[in-house]
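**Student:** Spelled out, the chains give:
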Amino acid sequence: MINRNAMKDTVENKEEVMDINVSKRNFLRLSSALGLAAFVGLYKSGDVFAAEWKESEFTADNLKAAMTSIGAEGYTMSGDVVVDSAEIAENGAVVPVRVKSAIPNTEYMAVLVEKNPNPLATAFNIPEGTEANVKTRIKMGETSNVFAVVKADGKWFAAKKEIKVTLGGCGG
Amino acid sequence: MMGVAAASGMMLNSKSLLAQPSVEKLYDIPKFGNVHFLHFTDCHAQLNPIYFREPTVNLGVGDALGKPPHLVGEHLLKYVGVKPHTPEAHAFTALNFEEAAKTYGKVGGFSHLATLVKRMKASRPGALLLDGGDTWQGSGTALWTKGQDMVDACLELGVDVMTAHWEMTYGDKRVQEIVENDFKDRVDFVAQNVKTLDFEDPVFEPYTLKEMNGVKVAVIGQAFPYTPIAHPRHFVADWSFGIQEERMQEMVDEARSKGAKVVVVLSHNGMDTDIKLASRVRGIDAIMGGHTHDAMPKPLIVDNAGGKTIVTNAGSNSKFLGVLDFDVVNGEVKEFKYRLLPVFCHFLPADPDMDKLITKVRAPYESKLNEKLGVTADTLYRRGNFNGTYDQLIVDALMDVKGAEIAFSPGFRWGTSLLPNTDILMEHLMDQTATTYSHSTLSEIKGGQIKAIMEDVADNLFNPDPYYQQGGDMVRVGGMQYAIEPNAKVGSRIQDMRLNGKLIDDNKTYKVAGWAPVAEGASGEPVWDVVATWIKDKKTIPSIKPNVPRVIGMDGNPGFIS
Numbered sequence: 187m188i189n190r191n192a193m194k195d196t197v198e199n200k201e202e203v204m205d206i207n208v209s210k211r212n213f214l215r216l217s218s219a220l221g222l223a224a225f226v227g228l229y230k231s232g233d234v235f236a237a238e239w240k241e242s243e244f245t246a247d248n249l250k251a252a253m254t255s256i257g258a259e260g261y262t263m264s265g266d267v268v269v270d271s272a273e274i275a276e277n278g279a280v281v282p283v284r285v286k287s288a289i290p291n292t293e294y295m296a297v298l299v300e301k302n303p304n305p306l307a308t309a310f311n312i313p314e315g316t317e318a319n320v321k322t323r324i325k326m327g328e329t330s331n332v333f334a335v336v337k338a339d340g341k342w343f344a345a346k347k348e349i350k351v352t353l354g355g356c357g358g
Numbered sequence: 026m027m028g029v030a031a032a033s034g035m036m037l038n039s040k041s042l043l044a045q046p047s048v049e050k051l052y053d054i055p056k057f058g059n060v061h062f063l064h065f066t067d068c069h070a071q072l073n074p075i076y077f078r079e080p081t082v083n084l085g086v087g088d089a090l091g092k093p094p095h096l097v098g099e100h101l102l103k104y105v106g107v108k109p110h111t112p113e114a115h116a117f118t119a120l121n122f123e124e125a126a127k128t129y130g131k132v133g134g135f136s137h138l139a140t141l142v143k144r145m146k147a148s149r150p151g152a153l154l155l156d157g158g159d160t161w162q163g164s165g166t167a168l169w170t171k172g173q174d175m176v177d178a179c180l181e182l183g184v185d186v187m188t189a190h191w192e193m194t195y196g197d198k199r200v201q202e203i204v205e206n207d208f209k210d211r212v213d214f215v216a217q218n219v220k221t222l223d224f225e226d227p228v229f230e231p232y233t234l235k236e237m238n239g240v241k242v243a244v245i246g247q248a249f250p251y252t253p254i255a256h257p258r259h260f261v262a263d264w265s266f267g268i269q270e271e272r273m274q275e276m277v278d279e280a281r282s283k284g285a286k287v288v289v290v291l292s293h294n295g296m297d298t299d300i301k302l303a304s305r306v307r308g309i310d311a312i313m314g315g316h317t318h319d320a321m322p323k324p325l326i327v328d329n330a331g332g333k334t335i336v337t338n339a340g341s342n343s344k345f346l347g348v349l350d351f352d353v354v355n356g357e358v359k360e361f362k363y364r365l366l367p368v369f370c371h372f373l374p375a376d377p378d379m380d381k382l383i384t385k386v387r388a389p390y391e392s393k394l395n396e397k398l399g400v401t402a403d404t405l406y407r408r409g410n411f412n413g414t415y416d417q418l419i420v421d422a423l424m425d426v427k428g429a430e431i432a433f434s435p436g437f438r439w440g441t442s443l444l445p446n447t448d449i450l451m452e453h454l455m456d457q458t459a460t461t462y463s464h465s466t467l468s469e470i471k472g473g474q475i476k477a478i479m480e481d482v483a484d485n486l487f488n489p490d491p492y493y494q495q496g497g498d499m500v501r502v503g504g505m506q507y508a509i510e511p512n513a514k515v516g517s518r519i520q521d522m523r524l525n526g527k528l529i530d531d532n533k534t535y536k537v538a539g540w541a542p543v544a545e546g547a548s549g550e551p552v553w554d555v556v557a558t559w560i561k562d563k564k565t566i567p568s569i570k571p572n573v574p575r576v577i578g579m580d581g582n583p584g585f586i587s
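Line by line, the protein sequences are chains A and B.
Counting in the working numbering, the first sequence runs from 187 upward without gaps.
Counting in the working numbering, the second sequence runs from 26 upward without gaps.
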């Protein structure tokens with residue numbers, strides 16, 4: 187997730203943040219040396235993210251089937267749900283996408299890529315009292331609409347944004 | 026923020042200065058207000074005066090259909106209120122290009138630009154000089170010195186704030202070296218939309234705050250959002266770009282909270298993207314833009330939830346200097362005036378200090394630059410949505426030398442022009458081709474892939490939403506004829522592709538030459554060597570007819586010269 191406050195600090199106090207950046211990177215190196223399991227073990231991941239694995243949801247091979255498999259077929263589009271990403275992906279293999287919901291009692295959020303062979307990319311259970319704001323990286327085979335689908339008080343809401351995957355070249 | 030009254034200051038009172046193209050009439054611009062910005066952009070490393078033919082084709086789509094900046098020739102003159110057959114008409118349009126170029130002489134050049142900057146600064150104490158980027162690339166000397174000639178020239182010119190695009194193609198380390206050494210305490214290099222890929226930390230300062238005549242002003246930088254896509258990724262492997270609209274709003278709000286009374290965005294988005302950005306972000310007084318090389322003498326005023334924002338674009342090739350004056354009273358912008366001044370070297374004497382510097386930086390390369398390759402019988406130019414004679418020359422050379430049936434040349438908008446019956450020097454060829462990845466290529470490509478490539482480029486130019494455009498023009502095509510329907514959807518714009526009258530077969534393999542590949546690990550003889558050898562062999566380049574597509578559904582569009 188983007189830490190907006192950290193960005194502001196950087197503007198005012200660049201040198202200090204530069205030090206922190208270096209230590210962040212060193213920490214990553216260290217953690218990979220110790221093994222990822224230990225790093226992940228810092229969190230009780232089951233509480234925070236990661237809906238339980240339901241194979242049928244992730245193997246559904248078109249948008250409608252994927253929506254149906256998570257129970258979201260009756261969704262309505264909502265301005266309170268946001269898909270935030272670059273309009274054109276810098277690398278289709280790792281596309282940063284942030285989804286957020288301002289709808290009270292949001293309990294579940296999913297990201298679906300309409301034109302991927304299996305549209306459901308990821309899903310999150312949002313525990314009560316948690317800000318419904320998640321940043322992740324998804325893989326996209328081609329230009330497609332990306333949907334954020336949200337469940338709140340038993341109802342489903344969605345937003346979409348087109349993300350272009352381009353061959354590149356030919357800049358002005 | 027600017028009030029409604031501000032719009033009254035927008036009309037360029039050009040009639041009086043058109044009558045007499047004297048230096049006094051052209052450049053005697055009385056000071057207005059108390060906050061001043063001078064802006065040049067996309068000079069593409071042209072230190073010396075050049076000829077530059079503006080486009081005859083510049084089509085707008087979506088909301089920009091038939092609207093500025095997508096006006097050319099008489100349509101543009103009518104819109105901005107400039108009479109034909111005047112120096113200004115020559116500066117802003119391609120009308121009567123050859124005769125007007127001979128009459129009014131070369132344009133641009135840093136020595137002449139320096140004289141104009143000094144003149145404007147003398148009457149406008151405290152004025153900030155903004156460099157919109159695409160400054161360190163576009164010439165032989167810039168390439169051979171890794172941008173150092175331009176860095177030194179910009180320091181001499183007195184650039185205060187800069188943002189970037191092509192600068193990045195010298196690699197992240199070179200850019201940081203210049204920012205941290207040459208520019209230290211002298212030039213603020215700003216870009217709010219560049220961050221590290223891993224932790225999304227800002228790479229550069231997002232904006233700079235300055236005090237001007239008792240008024241606090243902020244200049245926010247916006248680098249070209251699609252740098253890692255438009256060029257080989259490895260130049261900026263660890264950096265991410267994008268438009269970053271939300272962060273732009275945060276930076277505007279932050280600058281305002283720190284006391285900025287005037288907020289200017291120095292942008293390399295391209296004008297259509299700037300217009301959309303201006304409609305969505307609140308609190309920006311002006312976006313002074315570049316990238317799309319639109320020489321727009323009249324600014325656009327865009328409404329948004331916070332008020333109004335001025336959007337300008339200042340052409341290319343050091344051919345223009347934008348002058349934006351604000352009258353700020355009690356912390357509020359009351360009115361503004363904007364002018365886009367053409368740099369005619371006949372009407373502006375060369376600045377001796379800058380002249381000396383240019384002579385010095387060019388000295389080691391003079392013999393290389395002045396090598397005569399041949400003579401052109403006709404005008405050589407690049408700019409325009411679909412093709413120019415210079416790119417036709419390049420694709421002809423590529424097909425000939427490489428034994429290809431089809432050749433592609435990227436839709437770059439930089440590249441100077443040559444008048445009929447003049448020598449083609451190596452310097453001129455470098456002006457068309459000098460990039461850090463100008464390898465020539467020969468590939469075997471299936472017809473279906475050719476179509477996919479062309480659809481991809483066409484969407485970067487004609488997507489109705491400017492946030493999905495990359496700027497640049499359509500890829501130039503040699504050997505193959507095609508039709509294009511700009512208003513169609515991606516996948517169906519490119520039609521009727523033919524080679525020697527026969528429809529292109531999706532499954533057949535074709536030999537395709539090209540240059541400036543963005544793919545990883547690409548290599549090949551530099552394109553300037555391929556083309557130089559070819560011109561030397563020909564000696565005289567006869568009149569060239571550019572291969573342009575049949576354009577569907579754009580009849581009567583003011584983006585065509587009539």
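Source of the hints: derived by calculation from the structure; they are not laboratory data.
All C-beta atoms in this analysis are idealised placements derived from N, C-alpha and C, irrespective of residue type, glycine included.
Don't take every hint at face value.
[Claimed, not checked] Under 8 Å between C-beta atoms, here's a sample of chain A residues computed to sit facing chain B:
1. VAL269
2. ILE274
3. GLU300
4. GLY354
[To be verified] Below, a list of computed lysine to aspartate or glutamate pairs in the EDC-like style, where the Cα atoms sit at most 20 Å apart:
5. LYS146/B / GLU181/B
6. LYS325/A / GLU293/A
7. LYS321/A / GLU275/B
8. LYS325/A / ASP223/B
9. LYS346/A / GLU241/A
10. LYS561/B / GLU469/B
11. LYS347/A / GLU271/B
12. LYS321/A / ASP223/B
13. LYS347/A / ASP490/B
14. LYS143/B / ASP53/B
15. LYS325/A / ASP263/B
16. LYS347/A / GLU270/B
17. LYS476/B / ASP521/B
18. LYS108/B / GLU124/B
19. LYS564/B / ASP580/B
20. LYS56/B / GLU270/B
21. LYS301/A / GLU259/A
22. LYS235/B / GLU357/B
23. LYS321/A / GLU270/B
24. LYS514/B / GLU273/A
25. LYS198/B / ASP223/B
26. LYS346/A / ASP490/B
27. LYS476/B / GLU317/A
28. LYS325/A / GLU225/B
29. LYS321/A / GLU225/B
**Student:** Each of the hints needs a verdict: does it hold here or not?
**Tutor:** Against the structure, the hints come out as follows:
1. VAL269: Violated, about 12 Å.
2. ILE274: Result: holds, 6 Å to nearest chain B Cβ.
3. GLU300: violated, 15 Å
4. GLY354: holds, 4 Å
5. LYS146/B / GLU181/B: Cα-Cα ~14 Å, so holds.
6. LYS325/A / GLU293/A: Distance of about 24 Å is beyond 20 Å: violated.
7. LYS321/A / GLU275/B: holds, 19 Å
8. LYS325/A / ASP223/B: holds, 17 Å
9. LYS346/A / GLU241/A: violated, 24 Å
10. LYS561/B / GLU469/B: Violated: LYS561/B and GLU469/B sit about 28 Å apart, past 20 Å.
11. LYS347/A / GLU271/B: holds, 15 Å
12. LYS321/A / ASP223/B: Judged against 20 Å, a Cα distance of about 13 Å means the pair holds.
13. LYS347/A / ASP490/B: holds, 12 Å
14. LYS143/B / ASP53/B: holds, 12 Å
15. LYS325/A / ASP263/B: At roughly 19 Å apart (the allowed maximum being 20 Å), ASP263/B and LYS325/A satisfy the hint.
16. LYS347/A / GLU270/B: holds, 15 Å
17. LYS476/B / ASP521/B: holds, 10 Å
18. LYS108/B / GLU124/B: holds, 16 Å
19. LYS564/B / ASP580/B: violated, 39 Å
20. LYS56/B / GLU270/B: Between LYS56/B and GLU270/B the Cα gap is close to 34 Å, so the pair fails against 20 Å, i.e. violated.
21. LYS301/A / GLU259/A: Measuring from Cα to Cα gives roughly 17 Å; hence the hint holds.
22. LYS235/B / GLU357/B: With a Cα-Cα distance of about 16 Å, the restraint between LYS235/B and GLU357/B holds, given a limit of 20 Å.
23. LYS321/A / GLU270/B: holds, 17 Å
24. LYS514/B / GLU273/A: Roughly 17 Å separates the two Cα atoms, so the pair holds.
25. LYS198/B / ASP223/B: holds, 17 Å
26. LYS346/A / ASP490/B: Since the Cα atoms of LYS346/A and ASP490/B sit roughly 15 Å apart, the hinted pair holds (cutoff 20 Å).
27. LYS476/B / GLU317/A: Given that 20 Å is the threshold and the Cα spacing comes to 45 Å, the pair is violated.
28. LYS325/A / GLU225/B: Since the Cα atoms of LYS325/A and GLU225/B sit roughly 19 Å apart, the hinted pair holds (cutoff 20 Å).
29. LYS321/A / GLU225/B: holds, 12 Å
The structure is inconsistent with the numbered hints 1, 3, 6, 9, 10, 19, 20 and 27, although it conforms to all the rest.
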